[in-house]
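Trainee: Both chains come to you apart, so use the hints to assemble them.
What follows is the residue order along each chain.
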Amino acid sequence: MCLGIPGQIIEWVDVKTNIAKAEVSGVRRAVNVGLLADGPDAVDVGDWVLIHVGFAMSKIDEEEAKSTLEFLIQLGDPWHEELAELEGSKIE
Amino acid sequence: MKFVDEFRSGEVAKRVAEQIAGLAEPGRNYKFMEVCGGHTHTIYKHGVEDLLPPEIELVHGPGCPVCVIPMGRQDDAIAIAKRPEVIFTTFGDMMRVPASQGSLLDAKASGADVRMVYSPLDALRIARENPDREVVFFAIGFETTTPSTAVTLLRARAEGITNFSLFANHVTIIPAIRSILDSPDLRLNGFIGPGHVSTVIGTRPYEFISRDYDLPIAVSGFEPLDILQGVYMLMRQLAEGRSEVENQYSRVVREEGNPLALKAIAETMELRTTFEWRGLGFISQSALKLRDELAVWDAEVRYDIPGVRVADPKACQCGEVLKGVIKPWQCKVFGTSCTPDRPIGTCMVSSEGACAAYYNYGRHAGRRTPEPASVA
Ligand code: SF4
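These protein sequence lines map, in sequence, to chains A and B. Here the first sequence stands for residues 1 to 92, numbered as in this note's numbering. Here the second sequence stands for residues 1 to 376, numbered as in this note's numbering.
Bound conformation, chain B alone (with noise of 0.2 angstroms):
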């Protein structure tokens, strides 16, 4: 088996994973949430559903923030982007996704000037060296990535860089957890709570999963053992009838986040009173944007953006997909007409993407069917 021949604590898995099947009850079945790309990511690189009992079935959610914007977003920086005094930066995964005409890479190839960063403090850079130019980065991402976008424009204000604006796409988990759970499509049993999220927000923010709807969450690192230890802590928590946060990834995540981050959120940021997810549809109170204050900073007060809403492309299933209704390979496009060298949804996009996931590494795991006779 893949994880136990790659993976250096494979005993300790092997372990852990009896321990889960001796909490199964006989007869019940057990689904989980993850909502963070790497989770994502981590099991099907693992085949860590492949330790695990047929009883418990990992569903994947909306943790992927690239996945999550929706096409209109997308449309409304390529517009940006193609604006003659615009350097539009972005990190690399925005570059390739879909929107109705092209990608941003595609614009790039046409002549805009759209420049991959690796962090938004690279995009105020380059903002410096080009006083003539306006420089705007896509900020996208949640809680985990907020805090960098925040401190940037401190910075930018700090210095009175006003050559330099954010197109804010920022979205927080917590509203899209309980759009989740307020669905009829999906009755879980309960949540892998996103690791690097939490080390913003802490714990706490998930305590309404345990008091309004009565589920188990285990906040979780990214290495398959990690996975395993939360799975076995919500199995623990369902057969002791209780329902609590709990955090398996104490060694990062604090109780109470990193309250600099949060500041810095608070300081440059409010909420909007609503935001469209990529198949979530609209969720009120879901994503950030600047204060009014810092208008000059804001991409959407500089720049007439569109802002029409566009229905994704009928093929995708991403909204099934992000909302674990469906797995990947239901889609019927999925491996054929979309693949992550031509995706048709964001889904395929970035290796967090619960169908790049899957078309990367899952196709003979995830299913369920046994494995090929790899097993050493």
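Same shape as in the complex, but just chain A (with noise of 0.2 angstroms):
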């Protein structure tokens, strides 16, 4: 749980409550990016974020992203498990 996984946000599911579609490594789920709502870290379309429970917690750059997803993978199980818990998930 304690692992932050990079993703891709491809779509606004619903602006109001903050909740947009992201892709993680192939897996797209509704995550809530209302912590990075404003100021220098806004996110929108096409922007890569850190995701943690469910949340986008950072706003990260493409390169971050994929050296992140390297070293994520790499992990093994743990990252497996991940996937699976995120995989599962159904926020809306």
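Don't read these hints as lab results, they were simulated from the structure. Positions of the beta carbon are idealized from the N, C-alpha and C atoms, including for glycine. Warning: the hint list may mix true and false statements.
Said to hold, decoys possible - Okay, the calculated bits of chain B under chain A, using three or more residues with CB under 8 angstroms as the criterion:
#	region
1	37 to 50
2	145 to 154
3	233 to 242
4	309 to 319
To be verified - Facing chain B, a subset of chain A residues (Cβ under 8 angstroms, in silico):
#	residue
5	Val13
6	His52
7	Ile60
8	Glu64
9	Lys90
Mentor: Following this line, the structure appears as structure tokens:
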């Protein structure tokens, strides 16, 4: 649960409740982006973020996203578990 | 060596390691503590310590949120979970934590409605889908996770969902670091600061470490190279006689943290007078509870919980492990009666716990014995 996983925001689901769809390693799930709603880190479609328990926690650049993903994949089991948990998520 | 074989930046890592070695004063020993389960995991998995000169020791502090929840709170969680009207939701790691009478998983096997969720927002959805049941979320974690709980709570309030409540066990990293620094058991030379926690709180809250304790801290990312660079920053500070807060992970962590996350926490939660940590005992103002005006969503107010303090199992030395006083393998039951499949203490449950990380990866590397002949 402590992993921050990189995802790209692909579309808005509900702007009012700050829910957007993110793609993480091919898995597309709704996440809350309200913690990055304004200020220098405000995010929109196309941006990369680190996701933790269904919340986008920080905005990152694509290169950082790629290198983090590479790092996570080589973790093996903890990464597969995290991705499986994300797949089971149905945030509204 | 594992690290060099597996990690893409092996060559760079070797160079950083050489620079670190060059900064070590002959005859001086260095002890750096990391307070993040992710760091512990990386250090063992990649044998980071093997790249460091023998004068430098990395010790693992209370950085794994699953590990620091004391037995009594786990008992309270199970007591709530066993109520017939309750659907008890939790992160997967907490399911296997042993309490006085079995784990949440055992409670589930004997009929309690315990469900694993990825996010507190999934718990809130379950509450929406089950208006005739009461859904409780077992909220744990450091500042990384607290904002998610806070935002979920604000959403529940906005939607008027009252069959939802939180069993709040959020802890704060700063008082834990202070408690470690005040403990006579351990003499540290610096800290590798937690990456994700710092994305929320920023780097300023660590200033007391340099100001009051004259020690350096380097907030670091999670990749092996990040940790090595963090160690390099600490060594350079010590060599130059500085003690400052430095940020190795500036590509993600801002000095001021995440103001929206901090605001959500402040809006929904306040400090408890005191809170018990596994291994560290009671630490004042080290955890959060819901604000009084949100009592409707507070499981501790809604349900009669036992609230009894329970001592750790006798055999378990998680406390010493969490304070960095002993290494996992120095616990007498490590790897024999305590394994990830049958954990006795919390440190063996989560993959970020020091005992589990060492069990899974470190058994040949962490003791500083020469590696078996796997060097490429
Ligand atoms: S090996 Fe098991 S019993 Fe020993 S300290 Fe670690 S978790 Fe506790």
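Trainee: Taking 8 angstroms as the Cβ threshold, is the statement that the region 37 to 50 of chain B is covered by chain A upheld or broken by the three-residue rule?
Mentor: holds (count 4)
Trainee: Are at least 3 residues of the region 145 to 154 of chain B within less than 8 angstroms of chain A when you compare beta carbons?
Mentor: holds (count 4)
Trainee: Once the shortest beta carbon distance from glutamate 64 of chain A to chain B is found, is it less than 8 angstroms?
Mentor: At about 5 angstroms, which falls below the 8 angstroms cut-off, the nearest Cβ of chain B leaves the hint on glutamate 64 of chain A intact, so it holds.
Trainee: Closer than 8 angstroms between Cβ atoms is the bar; does isoleucine 60 of chain A clear it against chain B? Give me holds or violated.
Mentor: Holds, because the Cβ-Cβ distance from isoleucine 60 of chain A to chain B comes to roughly 6 angstroms (cut-off 8 angstroms).
Trainee: Report holds or violated for chain A covering the region 233 to 242 of chain B, Cβ cut-off 8 angstroms, minimum 3 residues.
Mentor: Violated - the region 233 to 242 of chain B has 0 residues with a Cβ nearer than 8 angstroms to chain A, which falls short of three.
Trainee: Does the region 309 to 319 of chain B contain three or more residues whose Cβ lies closer than 8 angstroms to a Cβ of chain A?
Mentor: violated (count 0)
Trainee: Would the hint on lysine 90 of chain A be counted as holding, given a Cβ-Cβ threshold of 8 angstroms to chain B?
Mentor: 6 angstroms, holds
Trainee: Holds or violated: is there a CB of chain B closer than 8 angstroms to the CB of valine 13 of chain A?
Mentor: Where the cut-off is 8 angstroms and the nearest Cβ of chain B is about 12 angstroms from valine 13 of chain A, the hint is violated.
Trainee: Does the nearest C-beta of chain B fall within a distance shorter than 8 angstroms of the C-beta of histidine 52 of chain A?
Mentor: 6 angstroms, holds
Hint compliance for this structure: hints 3, 4 and 5 are broken, all remaining hints hold.
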